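> Chain by chain, the residues run as shown.
2 protein chains.
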Amino acid sequence: MKKSIAIDMDGVIADTETHFINWYEQEYGVRVTKESIQGLEENAMFPNKEAARRYAFTPGFFRTLPLMKGAVEAVKKLMEDYEVFIVSAAMEFPQCLPEKLEWLGEHFPFIDWRHIVFCGDKSIIGTDYMIDDHIKNLDYFKGTTIMFHAFHNVNHNHHQRANNWEHVLELMSEL
Amino acid sequence: MKKSIAIDMDGVIADTETHFINWYEQEYGVRVTKESIQGLEENAMFPNKEAARRYAFTPGFFRTLPLMKGAVEAVKKLMEDYEVFIVSAAMEFPQCLPEKLEWLGEHFPFIDWRHIVFCGDKSIIGTDYMIDDHIKNLDYFKGTTIMFHAFHNVNHNHHQRANNWEHVLELMSEL
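Chains U and D, in that order, give the protein sequences.
Residue numbering for the first sequence follows numbering that gives the first Met the number 0, starting at 0 and increasing by one per position.
Residue numbering for the second sequence follows numbering that gives the first Met the number 0, starting at 0 and increasing by one per position.
No lab work stands behind these hints, which were simulated from the structure alone.
For clarity, every value in this text was computed on a predicted model and none was experimentally measured.
No copy is singled out in the list; a pair is fine if it fits within one copy or between any two copies.
Lysine-lysine pairs mimicking DSS-like chemistry, simulated, CA-CA at most 25 Å apart:
1. Lys2 x Lys141
2. Lys141 x Lys1
3. Lys135 x Lys2
4. Lys75 x Lys1
Kindly generate the complete structure, drawing on both the sequences and the hints.
Shown next, in the form of structure tokens:
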């Protein structure tokens, strides 16, 4: 039986960071640079602290997320050797559930509904591997973790870091 | 740390059987009795084979499901000793995702979003216990299983059967 991987959406296959920065610039006319937010918590990435959370509750935000570079090709590649599940902690934002399904249908049509999971707390996930950008998800996971690089995790180094999707494939090929 | 339970929705905390029978009667004027469907597969419960699946794709079906008798009280009781997750294989029917969230908000407002999971294949679920009516879910589960009684599982006896929610509480108190 193939081993299984849980792959996160936001910040991993979808480029939420760029999307947040674009939306903030559109609303406030201020472009926050990626360099300036390194090491900050997600709720501290913008001068206006409530903006990011408000966007996450805004219809259309999740449906229009840009793809993370290299994600489609890498997920396809991983599916050759692993049972791949897309696992998104989406329940906090109910309006995003159909949006996330549509987004996956557009960008990852080769992933069927059997392999999509929307949850709250990821401690319930029992796959062999987890690729995620949030230590709150990785810390409670019982299997092998890969921390996908993100501005909010640069100061955490207790999980194997992957800098990008090419790096994920390198790491998985060494396991 | 509390042990964790994954509790199914349809056929376990929601009385899908009664709902299907009511909807079929309303459309076809024929009331199928519960006795007559014992041991049948779900897709064979009605003379018109496509009806049940069509209802599952009909907006409003999942939002208006009646509660399973004793479910609210039993889930509350289990939450005293266990971390309870509601886990529904809902992805096949995308329109039901917001309906299921609303239904849970109405009938189980004490379950927060962190403890709700919508998935396809339940093999990804890593809780200690699973309460479900479908052997396809229970068979691939690595923890302890309880099979909630349903017309379609009466001929399967390789999981511990619970006849109703009172019986679930009895069984869990003996574990």
